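Trainee: Hey, can you work out the whole structure from these sequences and the hints?
Next come the chains, spelled out residue by residue.
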Amino acid sequence: METPSLSRSNGLVRDTPLTRPNISSKRNFPEIFFRFTLFLSGIVVLLLISAILLTLILNALPSIKAFGLEFLSSSTWDPVSGKFGSLAFIVGTLLTSFLALIISIPFSLAISIFLGEYYKKGGLPSTLGSTIELLSGIPSIIYGFWGLLILAPIVRAMEMKLGIVPYGVGIFTASIILAIMIIPYSASLGRDVINLVPSELKEGAYALGATRFEVIKKIVVPYARSGIIAGFLLSLGRALGETMAVTMVIGNANFFTLNIFSPANTMASIIANEFTEATGKLYLSSLIEIGLVLFLITAVINFTGKWIINRLDIRGSKK
Amino acid sequence: MKNLKFRIMIDKFFIILIAILTFAIIVPLFAILFYVVKQGVSVINWEFFVSLPAPIGVKGGGISNAIVGTLILIFLSAIISIPLGITAGIFLSEYNSSRLSNYVRLSTEILQGIPSIVMGIIAYIWIVKPIGRFSALSGAVALGIMMLPLVVKSTEENLRLIPQSLREASLALGVPYYRTILKVVLPASLSGILTGILIGIARVAGETAPLLFTAFGSPYMNVNILKPINSLPLLIFNYASSPYHEWQRIAWGASFVLIVFVLILSLMTKGLTRKWKTEF
Numbered sequence: 001m002e003t004p005s006l007s008r009s010n011g012l013v014r015d016t017p018l019t020r021p022n023i024s025s026k027r028n029f030p031e032i033f034f035r036f037t038l039f040l041s042g043i044v045v046l047l048l049i050s051a052i053l054l055t056l057i058l059n060a061l062p063s064i065k066a067f068g069l070e071f072l073s074s075s076t077w078d079p080v081s082g083k084f085g086s087l088a089f090i091v092g093t094l095l096t097s098f099l100a101l102i103i104s105i106p107f108s109l110a111i112s113i114f115l116g117e118y119y120k121k122g123g124l125p126s127t128l129g130s131t132i133e134l135l136s137g138i139p140s141i142i143y144g145f146w147g148l149l150i151l152a153p154i155v156r157a158m159e160m161k162l163g164i165v166p167y168g169v170g171i172f173t174a175s176i177i178l179a180i181m182i183i184p185y186s187a188s189l190g191r192d193v194i195n196l197v198p199s200e201l202k203e204g205a206y207a208l209g210a211t212r213f214e215v216i217k218k219i220v221v222p223y224a225r226s227g228i229i230a231g232f233l234l235s236l237g238r239a240l241g242e243t244m245a246v247t248m249v250i251g252n253a254n255f256f257t258l259n260i261f262s263p264a265n266t267m268a269s270i271i272a273n274e275f276t277e278a279t280g281k282l283y284l285s286s287l288i289e290i291g292l293v294l295f296l297i298t299a300v301i302n303f304t305g306k307w308i309i310n311r312l313d314i315r316g317s318k319k
Numbered sequence: 001m002k003n004l005k006f007r008i009m010i011d012k013f014f015i016i017l018i019a020i021l022t023f024a025i026i027v028p029l030f031a032i033l034f035y036v037v038k039q040g041v042s043v044i045n046w047e048f049f050v051s052l053p054a055p056i057g058v059k060g061g062g063i064s065n066a067i068v069g070t071l072i073l074i075f076l077s078a079i080i081s082i083p084l085g086i087t088a089g090i091f092l093s094e095y096n097s098s099r100l101s102n103y104v105r106l107s108t109e110i111l112q113g114i115p116s117i118v119m120g121i122i123a124y125i126w127i128v129k130p131i132g133r134f135s136a137l138s139g140a141v142a143l144g145i146m147m148l149p150l151v152v153k154s155t156e157e158n159l160r161l162i163p164q165s166l167r168e169a170s171l172a173l174g175v176p177y178y179r180t181i182l183k184v185v186l187p188a189s190l191s192g193i194l195t196g197i198l199i200g201i202a203r204v205a206g207e208t209a210p211l212l213f214t215a216f217g218s219p220y221m222n223v224n225i226l227k228p229i230n231s232l233p234l235l236i237f238n239y240a241s242s243p244y245h246e247w248q249r250i251a252w253g254a255s256f257v258l259i260v261f262v263l264i265l266s267l268m269t270k271g272l273t274r275k276w277k278t279e280f
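Line order of the protein sequences matches chains A and B. Per UniProt numbering, the very first residue in the first sequence carries number 1; after that it's consecutive. Per UniProt numbering, the very first residue in the second sequence carries number 1; after that it's consecutive.
Just so you know, the hints here were simulated from the structure itself, not pulled from any lab data. Treat the numbers as computed from the prediction; the structure is a model and nothing was measured. Glycine included, each C-beta is placed from N, C-alpha and C at the ideal position. Be aware that one or more of the hints could be misleading.
Stated by the list, open to error - Covered by chain B, per the in silico footprint, the following chain A stretches (three or more residues, Cβ under 8 Å):
1) 131-137
2) 148-162
3) 203-217
4) 231-241
5) 270-276
As the list claims (entries may be wrong) - Covered, in the sense of this in silico footprint (three residues per stretch, anywhere, with C-beta under 8 Å from a C-beta of chain A), are these stretches of chain B:
6) 27-40
7) 202-209
Mentor: As structure tokens, this is what we get:
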């Protein structure tokens, strides 16, 4: 068990728990048992994540052995002849997520500025805040259902006017749904970092005769830039892993496409659609490998975002 | 320097643009809520809550099995995640900077970022494959692991808010360390921890992806946790993508019930924070 070390504690930061010295051995048992339980649960969490990663890798092994790197570069998905390549789904995932991010940026940036700079307190911003919170609380299946029955027909009508093949469902529709779903995430983080901009900086700029727009453009946004970007990354991470809403509106077509109005499949939606029907070890293993790749991509995006946020915290505390 | 009038005009234009973009977010929210309420309310009646789904072609039918299934799944996943989550949270806040706790914290972050569909794969390999059939238990494992990081984080963060003086006071009275944590520190941060748990429940209640190949869904009433079970999101998914109008109607009704359920949970969260908040 860990003992408190004097060298590390400086009296301000609590490094180690306070312990009572010289406890009689009889009363010590629950004490030791309690600490043991705490350590054990920490270790269980650690084991859990290792087991998850190991399970994915082990079960993806047959497919990794059979296809190697070609799995990532080939877009042939042919369960009948047993040839699997995931490029079409990787591209589908990236296309929907980035398109969703691009659609969401103007809105989430506007909300961040509106709530972080223009209207910080009062009835209107708090109503708006709860509205946005509400939006993030709606289950993704309901977004998907709504997208399929209400949004897809609207997109179809639009496509007919534009003279494109009117599928209705497809990458574009999925991106709109995803954009609505991720706006709350980047907006709430953006609002927080814009709130943190020191007022001295802004007052300095006002004193020099800058208009509010100029202050926002030249002081507020540059100062909060990394936090805003972190918010975008975190919402991108969420968009990449989103399954149900996308599965329902993407149209489920297993071919490689760069046309945003065409039906496609994402990594999450191909797993959702075919996992229960997958016959044969290689088929299942390929789907699990897609899951592994998806997990790794999301983890990298999330970590970059969290890393930026942590750096911000350090800078904030030094001030 | 540009003309002052021009700059002021740009400034005015900018705030109008910001306001328009901000209020645009309300449009999809109301569009979704409007459709769910409009289509959902007409389906809702007593029979809808107490009867089983009807076969194709038969009018009526309800979602009783999905409601029971959702509650069972939530209950099981809470049992799986809450004890472990709270002890791991205490561990993180008590052994704040030990090397192990840094790894545990990292693991919690990774757990939180795992896409829900991948959690479904894991539960499939761990539970469904060995047992040989889809089961409520496997769905609850997937949901429980998804809930875990939320419980850990809220426990850790809330325990840290408790001032050191409170522990010192308790320890000075001769209370052993473990009792100080269990009887003084933990109760003081109870509202925060409960809030975290409710947020976790609200999150997993609407999850579909991890249940697709674990709980699987079932047209029958089932309370055996080793058999496939239905849940509200699964029922919505299966019925929404069907071509039968009657089934789509049921899906709207189920969506309405699910949204109301999630809303009540989030209102409870807010009420809890306001009412039980311990100030220091």
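Trainee: Each hint: holds or not?
Mentor: Results of checking the hints against the structure:
For the segment 131-137 of chain A, the stated coverage by chain B holds: 6 residues have a C-beta nearer than 8 Å to a C-beta of that chain, and at least 3 were required. Counting residues of the segment 148-162 of chain A whose beta carbon lies closer than 8 Å to any beta carbon of chain B gives 3, which meets the minimum of three for the stated coverage. Check on the segment 203-217 of chain A: 5 of its residues sit with their Cβ under 8 Å from a Cβ of chain B, so the three-residue criterion for coverage holds. With 3 residues bearing a CB less than 8 Å from a CB of chain B, the segment 231-241 of chain A meets the requirement of three and the coverage assertion stands.
Counting residues of the segment 270-276 of chain A whose C-beta sits closer than 8 Å to any C-beta of chain B gives 4, which meets the bar of three, so the coverage hint holds. Figure legend: the segment 27-40 of chain B, annotated as covered by chain A; annotation consistent (6 residues with Cβ-Cβ distances under 8 Å, at least 3 required). Coverage of the segment 202-209 of chain B by chain A holds in this model, with 6 residues showing a Cβ closer than 8 Å to a Cβ of that chain against a need of three.
When the structure is compared with the earlier hints, no violation turns up for any of them.
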